[in-house]
Each structure stands twice: as C-alpha cells, then as structure tokens.
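From first to last, the protein sequence lines are chains C and G.
Residue numbers for the first sequence follow the UniProt record's numbering, beginning at 1 and rising by one.
Residue numbers for the second sequence follow the UniProt record's numbering, beginning at 1 and rising by one.
Keep in mind that the hints were calculated from the coordinates and are not lab data.
Cβ atoms here follow ideal geometry from the backbone N, Cα and C, with glycine treated the same way.
Be a bit skeptical, because a hint or two may be false.
Some chain G residues flagged as far from chain C (calculated, every beta-carbon gap over 10 Å) [to be verified]:
id, residue
1, Glu38
2, Thr39
3, Glu55
4, Leu71
5, Asp142
6, Ile171
7, Val176
8, Thr257
9, Met267
10, Ser289
One side only, chain C facing chain G, incomplete, derived with CB under 8 Å [what the hints assert, rightly or not]:
id, residue
11, Asn297
12, Lys337
13, Pro444
14, Asp509
15, Met517
16, Pro519
17, Ser522
18, Val525
19, Leu527
20, Val529
21, Val532
Calculated cross-link-like contacts (lysine to aspartate or glutamate; reagent style DMTMM-like; alpha-carbon spacing at most 25 Å) [to be verified]:
id, chain 1, residue 1, chain 2, residue 2
22, C, Lys332, G, Asp142
23, G, Lys251, G, Glu56
24, G, Lys259, C, Glu336
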Amino acid sequence: MGDRLTTSTLLVTEEDEKKHEIIGAKGEGKELTKEEKQRLRKEKKQHKKNKKDDRGPPEKEKEKEKASVPAPSKPATQSPAHKAAPVPVNASASESPVAAEKPAKSKAELRAERRARQDSERASKQGKKEGGQQSTSSKPKATPNELQPVVKRLPDHVQVDDPVALKKLAKKLERQQVPLRSDYGYKVSLFSHLHQYSRKNPPTQQISIPVTVIHPSIVRLGLQYSQGIIAGSNARSVALLHAFKQVIQDYSTPPNEELSRDLVNKLSPYISFLSQCRPLSASMGNAIKYIKKEISNIPSQCKEEEAKRILQECIDSYINEKIILASEAISKYAIEKISDGDVILVYGCSSLVNHILCEAFEKQRKFRVIVVDSRPRLEGREALRRLVKKGIRCTYVLISALSYILPEVSKVFLGAHALLANGYVMSRVGTSQIALVAKAYNVPVLVCCETYKFCERVQTDSFVSNELDDPDDLIVTRNGKTHLENWQTFKSLGLLNLVYDVTPPDFVDLVITDLGMIPCTSVPVVLRVKNVDQ
Amino acid sequence: VDENQSFRFSQWEEDPDVASAVAAIRSLLEFLKRDQSETILGLRENMTKAIQRLEETDSSVAVSSGGELFLRFISLTSLEHPDLSQCKNVMIERGELFLKKISLSRGKVGKLCHTFIKDGAKILTHSSSRVVLKVLENAAADNKRFTVYVTESQPDSAGKLMAQKLHNLNIPVTVVLDAAVGYIMEKVDLVIVGAEGVVESGGVINKIGTYQMAVCSKAHNKPFYVVAESFKFVRLYPLNQQDVPDRFKYKADILKTVKDLNQEHPMIDYTPPSLITLLFTDLGVLTPSAVSDELIKLYL
Numbered sequence: 001m002g003d004r005l006t007t008s009t010l011l012v013t014e015e016d017e018k019k020h021e022i023i024g025a026k027g028e029g030k031e032l033t034k035e036e037k038q039r040l041r042k043e044k045k046q047h048k049k050n051k052k053d054d055r056g057p058p059e060k061e062k063e064k065e066k067a068s069v070p071a072p073s074k075p076a077t078q079s080p081a082h083k084a085a086p087v088p089v090n091a092s093a094s095e096s097p098v099a100a101e102k103p104a105k106s107k108a109e110l111r112a113e114r115r116a117r118q119d120s121e122r123a124s125k126q127g128k129k130e131g132g133q134q135s136t137s138s139k140p141k142a143t144p145n146e147l148q149p150v151v152k153r154l155p156d157h158v159q160v161d162d163p164v165a166l167k168k169l170a171k172k173l174e175r176q177q178v179p180l181r182s183d184y185g186y187k188v189s190l191f192s193h194l195h196q197y198s199r200k201n202p203p204t205q206q207i208s209i210p211v212t213v214i215h216p217s218i219v220r221l222g223l224q225y226s227q228g229i230i231a232g233s234n235a236r237s238v239a240l241l242h243a244f245k246q247v248i249q250d251y252s253t254p255p256n257e258e259l260s261r262d263l264v265n266k267l268s269p270y271i272s273f274l275s276q277c278r279p280l281s282a283s284m285g286n287a288i289k290y291i292k293k294e295i296s297n298i299p300s301q302c303k304e305e306e307a308k309r310i311l312q313e314c315i316d317s318y319i320n321e322k323i324i325l326a327s328e329a330i331s332k333y334a335i336e337k338i339s340d341g342d343v344i345l346v347y348g349c350s351s352l353v354n355h356i357l358c359e360a361f362e363k364q365r366k367f368r369v370i371v372v373d374s375r376p377r378l379e380g381r382e383a384l385r386r387l388v389k390k391g392i393r394c395t396y397v398l399i400s401a402l403s404y405i406l407p408e409v410s411k412v413f414l415g416a417h418a419l420l421a422n423g424y425v426m427s428r429v430g431t432s433q434i435a436l437v438a439k440a441y442n443v444p445v446l447v448c449c450e451t452y453k454f455c456e457r458v459q460t461d462s463f464v465s466n467e468l469d470d471p472d473d474l475i476v477t478r479n480g481k482t483h484l485e486n487w488q489t490f491k492s493l494g495l496l497n498l499v500y501d502v503t504p505p506d507f508v509d510l511v512i513t514d515l516g517m518i519p520c521t522s523v524p525v526v527l528r529v530k531n532v533d534q
Numbered sequence: 001v002d003e004n005q006s007f008r009f010s011q012w013e014e015d016p017d018v019a020s021a022v023a024a025i026r027s028l029l030e031f032l033k034r035d036q037s038e039t040i041l042g043l044r045e046n047m048t049k050a051i052q053r054l055e056e057t058d059s060s061v062a063v064s065s066g067g068e069l070f071l072r073f074i075s076l077t078s079l080e081h082p083d084l085s086q087c088k089n090v091m092i093e094r095g096e097l098f099l100k101k102i103s104l105s106r107g108k109v110g111k112l113c114h115t116f117i118k119d120g121a122k123i124l125t126h127s128s129s130r131v132v133l134k135v136l137e138n139a140a141a142d143n144k145r146f147t148v149y150v151t152e153s154q155p156d157s158a159g160k161l162m163a164q165k166l167h168n169l170n171i172p173v174t175v176v177l178d179a180a181v182g183y184i185m186e187k188v189d190l191v192i193v194g195a196e197g198v199v200e201s202g203g204v205i206n207k208i209g210t211y212q213m214a215v216c217s218k219a220h221n222k223p224f225y226v227v228a229e230s231f232k233f234v235r236l237y238p239l240n241q242q243d244v245p246d247r248f249k250y251k252a253d254i255l256k257t258v259k260d261l262n263q264e265h266p267m268i269d270y271t272p273p274s275l276i277t278l279l280f281t282d283l284g285v286l287t288p289s290a291v292s293d294e295l296i297k298l299y300l
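Build out the structure end to end from the sequences listed, making use of the hints.
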C-alpha cells in the first residue's frame, strides 16, 4: 500500500481534468451514470498500464517517493534516492496531491522490476562506494520480501485538526452526497483532533426530503444514534444489522450490475452517514466487515431473490450466534464465578452484565449488587431499574463514593465496548478508575465481552482515539441556577464530555468471553484463532 | 472399576518416582484396554466415570488434569472407522504414545531449566518435588556448585525427604522452617518450585506455603521459577485463594469424613501469575501469559 508510482506529469493533469468534468456533470441527488462510472474505471486501468510501462527513471524516484510518503520501515532508501535527486524532484512534487488517489500496484511486480533494475545498475556501476550503496538499497529490498509493511492510514475521525484530512473527508462526503456535520463549541486542546457535535444539530436536518441516496431506515437509525435514543454497544450493532436487513430487502439490482459488487458500493454512503451521526463502534465495524464479506461472497449466478434470502439469513445467524448465544455462554461461565454471599459491583448499564446477574439470580445464587453511576449519562439508573425489577438487592452510589464502598465488595463485573489487540479494555469512561481502585483494594475485576467486539486496533491511552459527546450535557440546573449556561462566552473555558476510556490489562484479572475464561493478555491469541477459522 | 483402583495403587507403590498423574493415566489406559462397551459414547462415559473414581481416591489437581488431557488426546483423532475395535485400537495406540511422551517430559524440563542455575548459586525450594530434584540433579551432573535451602513443609514434613534425596546426590542442603522463608530470602539468588497444577491464568497450584514464598521473593526482587510438566495444565481459573475448588484443597478421605471444612488445614494454595517470573515446561520456557496460549492450543 505504501508504494507510490510516478508517471509523466502530462498524463496526470489530463486525469485531473477528466475527473473534474465528471464531478461537474453530477446533478443534485443524481448518482453517477453507468457510462461515467465505466469511463472512470477505464481511465484508472489506463493509468495503471502507463505506470507499468513508464519504468525507466522512476526506479530511484520510487524510493524517494516512498521516503516522502509516510511509509513505515525504509529510511535506508533515502541514501540511494538522494543520488538521483534532480530528476524526481518535480515529479514527486506534482505527485503528492494526486498521489492519494492513485491505486497501489501489486507488490510482486514492483519487486521483480526493482530487482531487475538493481541488477543492471550493479553491473554498470563499479567501485566500492557503489557497492556499499547497493547493499543498503538491497537491504530495504530484502525487508519487503519478508515483512511486507502495510501503511496503516489514520482514520478520518481522529484527524479533525488536520485541514488536509478534513478536506479529503469533505470531498468524499460530497461525492457520496452525505451531509457534512460541523463541530460545535470550543474543544479542549488535548482532544482537538476529535469531532465534537451538538445534539441540537442532527445531521438529518441537512438532508432534503425525499431522500434519494440514503435509505430511510438508515436515516432513522442515524437520528436515533445522534440523539442517544439507541445507546450501548450491543444495541447499536443489532439496530444496525436490522436496518441493513431492511436495506437489502428494498434493494434491486440495476441492469448490467452484479449484486455482490453493487450492493457493497451502495452501503458505503450509508456507513459514511452513520459515522457522521455518531462515530462507529468497534462492534459495528466488525459487523459491517462481516456483511461486506458475505455480500461479496454471493456467487454471480445467484438470482436476486435467492441472494437476498441468503443475506437475510446470514445477518440473522450473526445476531443469533455472536450476540444472543454468546451472552448465554458467557452467563454460564460467569455464574460459576458467583458464589453465595458475594457482593458484586457493577458500573453503568451493560446489557451483558445485567443479563448475567439476572441469570445468576434465577439460578438461586445469593448475592447483592452495588451499582456505581456517574454523570452526565447516569446510565446506572437504568441498570438499577432492571435489577430491582428482578428482585435483586441493590445499592446505588455515585463514582465519587467508590473508595468508601469498595472494602465491602468481593467482585467487580464490568462490561466492555471493545477489547484491543494489546489486551487493553475500552469501555465507558470511569471504568479504568473503578479497575484501578479495585486493584488497590485487591478485589478481583472481571470483564465480560463477546468475541465479536475484539478489534485489531492497539491503543495504550484514552487520548488517541475517543469520542467527544455534546458538551452541553455537563450543564446542570440546581436550585434554579444554571452556572454554566453561558460557557461559550468565556474564551478560556472548555467543557469536556468524554465517552470512552482505556483500561490496562494489569488491572483486569479475568475476561469472560463466549470462548471461555481467558486472561487479558490472551486477546491476540483469540484474534489469531478467529482469523484461522475464517 | 475396582480393579482399576487396585491397578493404580500397585503401580504407584511400585515406583515412587512416578508422578501421580502418570500412574493415573497408565491405569486409565489399562482400563481402556479392558473396556467392554459397544459404542464410542459408552466408552467415553466409562472413561469419564473412571477418571472421577480416580479423583475420589487421590484428589490432587494433577490427576484431574492428566485424566482430562488423556481423554482429549485419544479422542482428538478422527474416529471414522466403522468398526469399534479398530477405533479402540487407534485410541489405545494414541494412549500409549501419550504415555510415552509424558514419561519423557520430566527429563525435558530438567534439561531446559538447569542452565538457569549459575555456578555458586543459592537456591530456595519448597517441599518435595520430583521435577525440581531432576533439575538439580542435571545441574549437579553439569559440575555446577550450588547450595539448596529446603523448607520443612509441614504438616507432612516432605521437605525433610527432599533434603535426604539431595544429600544422596552430594548437594549441600539446609532445611529451614516454613516460617523462616522471609528470613532466608535475602541470602538466596533464586527460587525454584514444582507445581501440582498450572491454571489458565498462568498461576500455579502447589503445596501450601508456595504463595508466601512467592510474595517474599517478589518483595526481594528474586526470580521465582516454576517447573512443571505440560500434563499439569488444567482448565481452572481461580481469582483468589477462596476460589480454588474444595476438592483440590483437602485430601480425598478428609472430604468424605469431615463435616466442617473450616476446621481443616488446606494442603495447597494458589500463586497468581503476577508473582511468577518464568515457567519451565516440556513445551518450552513460558511466561505466565503464554500459558493461556498453550492451553488454548491444547484444549481448543
């Protein structure tokens, strides 16, 4: 993915012009016509072919290009590249703005060509100095053979303070005809790279009626997300999958298009719209990956009705296996860990933890629960409601009373939003605080999480990737006075309403998943086993 | 099933050098050979019952883990032969293979660990463990000079037995009181203990007093090594001392006769993985977090 190819500047500018034409031709609410799409596709292919032929000077230029683009491993390429500095300078300069849109070439072809070129250069150039240079340039050649470094680009939603990334996002959304939501209010500088939206301006306000590009059930879902009507990792994923079922039901393949390819393309603007309403969670990301895989695996000779039926069944079985049955399995393991006389502490409202406690109560285990809650969401009240309705004895405290109540507690059960590949647990803000204090009091901390929430991301702090909620939520009226009402007028005052935080694996004693009980450090093992299965 | 029990005891009496789990597996193999069931499901049921019976006789963790692993190992093959006797032959073959493998495991562990003992080292160990003995034997054979401190390990004074065995190998050994572990910790360079069971979290279950020793060694920053064969890996996940099932803590006959277990002394305790530096197994040298990885490979 990191390879950038240069080509003659003339062809590049031609490309630009044609693209502008096509974008100009697009009318309001109309999608690209078939011919225009075909033209774009043909041009891309032509572009690729020209790059393959045009290999003469670009050997060294490529290396220089790689060095200029944020590629991971090869600093050594800088030295051979500098030798051929004069030629590639202009080419690479004009390349960089357009480079972002070039498709990557296959690694094998590149490697073969590079090897041929280096052989010829080695033959022509003689002398120790050249030999030394060749060995350094051959070393970076060796590493792609073994390591195949992949450039991971930062996702858009953590690059809000970067104007280039914002422009790219705006262009992408314009192309997909999804409204761009603007940020609200002053952002604390540590978190200025994240979006901060206001609940009073939902993105659905900017959509014209009737909606042509975005399916109405997706619009409804987006509104429910942005207003906080549907909250909680499992609830959001299930709602998403149900909305997709509706979309698939209403979908009809346009003539001369394949369902497997076209439907995936249709889903992209929906996903962009939903992430504008509220950033996608890890569980939603995995669900979307699964659906896209299933769709592209539909055989081409399948009839439309048959394909739709298959997809509906896939979605149903995904929900059933990964969410409903998983929670049954997790309850089974978790109930073994609940003994009579236990005092269990829970935080916030996790559907899975509530389910476990209700099941354990039904199985006649004697325990009592302490529900810890925090502002501004006060989700613990919902958990309290559900548990009390079952008949479980509960106590309710705010998180500031945590160290007061912890000596009474025998176990802590926490839910998770996602489990990261390095064993860190991402969950509602306040979770890491509870885990920390519980560790200090030597109380075992158990995290319950289904495997579909495991994600390959790695994060060690809560700053890099998080979500900022509406800062106006922090404003509260007590005794008729609202002190923070005019917080916007104070230039130096910022309100921060974080949604997630990250707990290190040292504070977590046990993770209960549908595969069994594992220590927090074994999350990558599970991911590896899952990938082998798939 | 009664003859099964007698078989096992006789084997154990024959060879005090054999681990209880190995003896259990050997008797399970004999049981398999003599089994009369008509279906594979019936066979499995009988094996499970036999394992339970063995656990009743000797309720150590190793027997239960060895039994379960044995069952998994023999049934992991593709038993697609239509003829039951053929299937049984395959299972018996695999059982023999398993037995041979685990009989060699102690030697493998010894070979791995003795390189960690430097010349002039002072080693602290707890109670009597055949694996630790093998490790020290290998180190002595390698012409390394070291001294050993062994705890007495009440209530059965197993430490004195260990001291006797080490004395026979011409290794300088001193017996210390269980209460003197904190006192002696500043003198020693490393601590090596055996294990009765290795749990999923990477912690170990061993003779009572091991946890104390681990906490002391952590406070003094001394490495705490555990040597265990791979058949001791068990699918338990205790959160603390209380969470270890009662059937492992007390001897089998006490469980049957005594009403109030609070008056009894437990025979084992649980050492959490945060206190263990490394585990030496026949699968290699593992950190506590890698144990879960190996368990997943063994069991899933």
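Verification of the supplied hints:
no.	hint	in the structure
1	Glu38	32 Å, holds
2	Thr39	28 Å, holds
3	Glu55	18 Å, holds
4	Leu71	18 Å, holds
5	Asp142	34 Å, holds
6	Ile171	36 Å, holds
7	Val176	28 Å, holds
8	Thr257	24 Å, holds
9	Met267	21 Å, holds
10	Ser289	4 Å, violated
11	Asn297	26 Å, violated
12	Lys337	7 Å, holds
13	Pro444	4 Å, holds
14	Asp509	6 Å, holds
15	Met517	5 Å, holds
16	Pro519	5 Å, holds
17	Ser522	4 Å, holds
18	Val525	5 Å, holds
19	Leu527	12 Å, violated
20	Val529	7 Å, holds
21	Val532	11 Å, violated
22	Lys332(C) - Asp142(G)	51 Å, violated
23	Lys251(G) - Glu56(G)	9 Å, holds
24	Lys259(G) - Glu336(C)	23 Å, holds
Hint compliance for this structure: hints 10, 11, 19, 21 and 22 are not met, and every other hint is.
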